[in-house]
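Based on the hints, put chain B in the right spot on chain A.
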Amino acid sequence: MTSNWLLISPFVKGGLRGIYKVSLFVEWGLRGIYKVSPFVKGGLRGIYKVSLFVKGGLRGILLFLLLFNSTGLNAQIGSFGVSDARSMGMGNTFNSNTKDVYSSGKNPALLIPSDTSETLLKFMLPGISSDVYTNSIPPDEVEYFFGGPESRDLTEGEKDRLYGYFAEGNGKYNYYASFTPLAIVYKPSGKIGAFGFTMSDFVSGGFTIPSSLAQLALKGNEAGKTYSLDDLRFQTWWLRSYSLSYSKEVLNNREGFIKNINAGISIKYISGFAYTGIEKVSSSFQTGEKNVLNGNYYVEAYSSFSDDLAVRYDYDTVTHVYDLNYFSTPAGSGLGLDIGFSAELDSGITVGLAITDIGSINWSSNVAKHISQKQLYIDDLFNKEQLDSVTDIGSSESKPVADYMTTLPTCLRFGISVLASDYLDGLPGSLLLALDYNQGLNNKPSNSTTPRFSLGTEWQPFDIGLSILTGLSHDETYRFNWSLGLGYSSSLIEAYLSTLDIISTLSPNNTKPHASFAFNLTWKVMGN
Amino acid sequence: MPEWNTNLNLPLTNRTYTLDEIIKPDEHIKPDTIDGKEIFLISSDTMNYSFGIGEYLKNRLDQGFSDIELVLQNGEASVEVALADGVELDSAYFSRGELNIDIINTGPSLIEFEVTFPDLFKSDGKSFKIRSSVPGNGRSSSILDLSGCTYSSYLLVDKSKLRINGKVISGGGTGLVKLNVSIRNSDFKYISGKLPTMDISRIQEPFELPINDAIQKFRDKFILDNTVLSIEAEYKTDLKNPFEIQVKNIQVYGMRNDGLTKFLEDKSGNNNLGVMTITKNKIIKTFSNGNSNIAEFLSYLPDSVYLKADVTINPQNKRGEASSSDSVLLDFKFIISGEMAFNNIPYTDSVSIQFSSDNKKAIRNGREAALFLEITNAIPMAVDFDIAFADSLGNVLFNKKLFVEASEVDASGKTSVPTESYSQITLDSTEIQKFSNSEKVVYNLLLSTSGIGKKVTIQPGNWIKLLTYFKLKYHIKFE
Chain A
1 MTSNWLLISP FVKGGLRGIY KVSLFVEWGL RGIYKVSPFV KGGLRGIYKV SLFVKGGLRG
61 ILLFLLLFNS TGLNAQIGSF GVSDARSMGM GNTFNSNTKD VYSSGKNPAL LIPSDTSETL
121 LKFMLPGISS DVYTNSIPPD EVEYFFGGPE SRDLTEGEKD RLYGYFAEGN GKYNYYASFT
181 PLAIVYKPSG KIGAFGFTMS DFVSGGFTIP SSLAQLALKG NEAGKTYSLD DLRFQTWWLR
241 SYSLSYSKEV LNNREGFIKN INAGISIKYI SGFAYTGIEK VSSSFQTGEK NVLNGNYYVE
301 AYSSFSDDLA VRYDYDTVTH VYDLNYFSTP AGSGLGLDIG FSAELDSGIT VGLAITDIGS
361 INWSSNVAKH ISQKQLYIDD LFNKEQLDSV TDIGSSESKP VADYMTTLPT CLRFGISVLA
421 SDYLDGLPGS LLLALDYNQG LNNKPSNSTT PRFSLGTEWQ PFDIGLSILT GLSHDETYRF
481 NWSLGLGYSS SLIEAYLSTL DIISTLSPNN TKPHASFAFN LTWKVMGN
Chain B
1 MPEWNTNLNL PLTNRTYTLD EIIKPDEHIK PDTIDGKEIF LISSDTMNYS FGIGEYLKNR
61 LDQGFSDIEL VLQNGEASVE VALADGVELD SAYFSRGELN IDIINTGPSL IEFEVTFPDL
121 FKSDGKSFKI RSSVPGNGRS SSILDLSGCT YSSYLLVDKS KLRINGKVIS GGGTGLVKLN
181 VSIRNSDFKY ISGKLPTMDI SRIQEPFELP INDAIQKFRD KFILDNTVLS IEAEYKTDLK
241 NPFEIQVKNI QVYGMRNDGL TKFLEDKSGN NNLGVMTITK NKIIKTFSNG NSNIAEFLSY
301 LPDSVYLKAD VTINPQNKRG EASSSDSVLL DFKFIISGEM AFNNIPYTDS VSIQFSSDNK
361 KAIRNGREAA LFLEITNAIP MAVDFDIAFA DSLGNVLFNK KLFVEASEVD ASGKTSVPTE
421 SYSQITLDST EIQKFSNSEK VVYNLLLSTS GIGKKVTIQP GNWIKLLTYF KLKYHIKFE
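Residue numbers (the numbering used here), protein chains in the order written: chain A, 1 to 528; chain B, 1 to 479.
Honestly, I wouldn't trust all of these hints.
As the list claims (entries may be wrong) - Each computed BS3-like pair below joins lysine-lysine, with the alpha-carbon atoms no more than 27 Å apart: (1) B/K414 to A/K290; (2) A/K172 to A/K159; (3) B/K361 to A/K384; (4) B/K361 to A/K159; (5) B/K434 to B/K361; (6) A/K290 to B/K471; (7) B/K414 to B/K24; (8) A/K172 to B/K477; (9) B/K58 to B/K318; (10) B/K221 to B/K58; (11) B/K471 to A/K384; (12) B/K440 to A/K384; (13) B/K318 to B/K280; (14) B/K30 to B/K58; (15) B/K262 to B/K221; (16) B/K473 to A/K219; (17) A/K290 to B/K465; (18) A/K290 to A/K191; (19) A/K290 to B/K473; (20) B/K221 to A/K384; (21) B/K194 to B/K161; (22) A/K384 to B/K473; (23) B/K454 to B/K30; (24) A/K225 to B/K471; (25) B/K58 to A/K219; (26) B/K280 to A/K219; (27) A/K374 to B/K471; (28) B/K318 to A/K219; (29) B/K24 to A/K384; (30) A/K159 to B/K477; (31) A/K219 to B/K360; (32) B/K473 to A/K225; (33) B/K477 to A/K219; (34) B/K477 to A/K225; (35) B/K465 to A/K384; (36) A/K159 to B/K473; (37) A/K159 to B/K440; (38) B/K236 to B/K161; (39) A/K172 to A/K369; (40) A/K290 to B/K30.
Since the hints were made in silico from the structure, they are not lab data.
Extracted from the complex, chain A is given alone in its bound form (with noise of 0.2 Å):
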């Protein structure tokens, strides 16, 4: 005789297959839990990775820069990229003060000097410009918090401080060089006015790790804020530039208030060997009531590659061979137009004026458009559909486009600088004093729309060539560089050596790391 008589415990075995189904929540939802944490630990290694940039690229990057023996005519410099060496020295300060083989990039108007000889030939060899710099972590806490294989349990005040390193406006790390293998300034006379020709060389960009993801790594979600991850920026590329630049004396009135007025021009042919940049970022990450996730990203970035740096895309089907060399074959190629004017007034002062970079690059080789984007609702970590949403995230996809255009780092500048010396009775040799005000017209690396304001000072206190340089500048977060630098003159060479920040250069572990370093050695042939 067979009977089943569980009368109403199919019911009851029921209800408990549900509450089986609560006991696999917890499991299933510590899994999810488990899926991000990877994602904010991946996060934080981000992070880890760019602090380890900053601890040991700093060093590396030097290093690379050094490599590229060369002279510099600096151009592409942006609103916040360093220059030349005299430049630097005065807290980067150039647009009414600087002269001849270092005008290039900044004022061509200043291509020709009016105090020089009437014939002129400089040529600089050589000559570098390095400028790393961030906001974030610096270098010692860098070791505090990420030296050493063992572990640290942090603190809530640790936490903090680590934070606040990526906190609103900070966590952004920029890097520029320059170098010249070729530049040349000649002035046959002052009425036919200045010629030059510069080969340049730049890489340079900059990265921003957004604070709300340094904030949901170290203190986690909180219910019912918004993130944003709309700061979050790359870009970087790798140009060289042709420029041909002309200046010319128009007006001349020394009587007058306003003593000569000098107008210069530049003519740029930009090959571009690589370039990589987020193009567009739009993000918001709620957790919101009943601690339901929402949010949404879209990340849109470009890149292109000379064919000689061998980059390969998921896509490609055909592999490059790695012959990077001097003379590699760009990736993009562009034109850009550099207009100036300086004028000397009655008083010694001088005003300088110029927009710099009007124009853009095209780049057509081995582009790529990446796509980043996802949407984000969580309100059940056992709904496959929404884990899965969370486990790939951060995956993009790449396609190829015929071709990208960035415009160039145009930038507006004007800058007044006077002969304090000339004021100053009993001061001795003579004291130069400059003021600027550069205005980057969009963000490109080196440039910012955050105007620049600088001071400097040339102090040559003895009649024996030797100049004392300094100055005060801030970068994009308004923090101080204190610059120095030494020069010295003679008829044959001119020399610089400078820093942007003497505070972190003596001191590396300050907490606000900044490297920076440049050196000119200028060649005269004719003229003064």
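Then chain B, alone, in the frame of chain A:
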């Protein structure tokens, strides 16, 4: 390398389950609609009992006839004797039996005598005959096997008689020959005619119910509402005109292992549940709340259910037919609707959990967790949870409690207003570590329907919404 605690605020689940999702319909439980009301119907396996009517066919022709006088004329004689007990035999097929016959010669000389039963045939189709030499004033006795013999009385007008013929084959005299004839141990594969009413053995059959320890806890704590016991009787025969069978004095009672019994009673409180008259067709007798105390009876949860009944064949003493392979199949089935009331029924079950090493590692990174549960319950059942987490040896590592209120119900017992329960379960660091070592989750539940003693209707569309989320202090470590 740094490590720290971060606070994660994460959702856990936001979903609604209906009972027909939770309780997967199967052969025992399925949704149905009765009187326009959607309910669950819970049915037992069919229990069955079968009995044959062979007993009715045994010895029905056992009888004896003594001193049957054969008055010989021209050496032959014929006689008809009446069958006992009013048996009228149309035809029959013997499966067994023996015929004892004594031929008594009252004459002085030896005779060769032949007795023939003209309506009884051997398996070869020939008439049943006995030839014997009988000395003067002597007798001759024979025992003959009736197995395989057939009987047909179609030539007889009076089916209640047995014809016997006698004939002198050789020998002299015209005296009287007497016969003693008896049939013993008769049994039939088939028989037709009129066999008298007969009570066969009483049915007294127990049906064991799988009442385990868990189910025992329901005893005396729950009340069923709409329940049905159906008894279906089917006459298994290939014959056209079988004898009627009467199952009478039906009693159904439940017995617990401790000896306590409870009878299924009609509305008058009578435990004699009447008669089922079974003819060739199926017959179903149904006990419901309308005619019995079936709900109360099933709520009693006996360990065994007994069926007692008397069986009478051919109660009206009519003509019919029967075969030894005929039988009666009785099917019993309980059907319970999802209408019931219970209070504080304890229920315990457990499930094994096995975390992978990765999962264990992830769990152990938890430092503190607060689980928030917002449960909207449209099921008229409250559940008081005591969830214990145990190691592989069954040692309880820690436990947590949770109470989910039952929905409110209307006068008919259906959910009228879902209830909302808010609970919070916190796990500290130690408990989280223990959780990672858990290998078994033991659920101790107390189940109660809405309102004490009030019958509720458990419907397939009843639902429960689980909105749960949690705050987790999670330890992140660079590796």
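Okay, the hints, checked on the actual structure:
no., hint, result
1, B/K414 to A/K290, "30 Å, violated"
2, A/K172 to A/K159, "19 Å, holds"
3, B/K361 to A/K384, "22 Å, holds"
4, B/K361 to A/K159, "23 Å, holds"
5, B/K434 to B/K361, "12 Å, holds"
6, A/K290 to B/K471, "10 Å, holds"
7, B/K414 to B/K24, "21 Å, holds"
8, A/K172 to B/K477, "24 Å, holds"
9, B/K58 to B/K318, "18 Å, holds"
10, B/K221 to B/K58, "51 Å, violated"
11, B/K471 to A/K384, "21 Å, holds"
12, B/K440 to A/K384, "25 Å, holds"
13, B/K318 to B/K280, "14 Å, holds"
14, B/K30 to B/K58, "46 Å, violated"
15, B/K262 to B/K221, "16 Å, holds"
16, B/K473 to A/K219, "10 Å, holds"
17, A/K290 to B/K465, "14 Å, holds"
18, A/K290 to A/K191, "78 Å, violated"
19, A/K290 to B/K473, "17 Å, holds"
20, B/K221 to A/K384, "41 Å, violated"
21, B/K194 to B/K161, "12 Å, holds"
22, A/K384 to B/K473, "24 Å, holds"
23, B/K454 to B/K30, "23 Å, holds"
24, A/K225 to B/K471, "14 Å, holds"
25, B/K58 to A/K219, "93 Å, violated"
26, B/K280 to A/K219, "82 Å, violated"
27, A/K374 to B/K471, "24 Å, holds"
28, B/K318 to A/K219, "95 Å, violated"
29, B/K24 to A/K384, "22 Å, holds"
30, A/K159 to B/K477, "13 Å, holds"
31, A/K219 to B/K360, "23 Å, holds"
32, B/K473 to A/K225, "17 Å, holds"
33, B/K477 to A/K219, "14 Å, holds"
34, B/K477 to A/K225, "25 Å, holds"
35, B/K465 to A/K384, "19 Å, holds"
36, A/K159 to B/K473, "14 Å, holds"
37, A/K159 to B/K440, "38 Å, violated"
38, B/K236 to B/K161, "31 Å, violated"
39, A/K172 to A/K369, "24 Å, holds"
40, A/K290 to B/K30, "35 Å, violated"
Consistency note: the structure conflicts with the earlier hints numbered 1, 10, 14, 18, 20, 25, 26, 28, 37, 38, 40.
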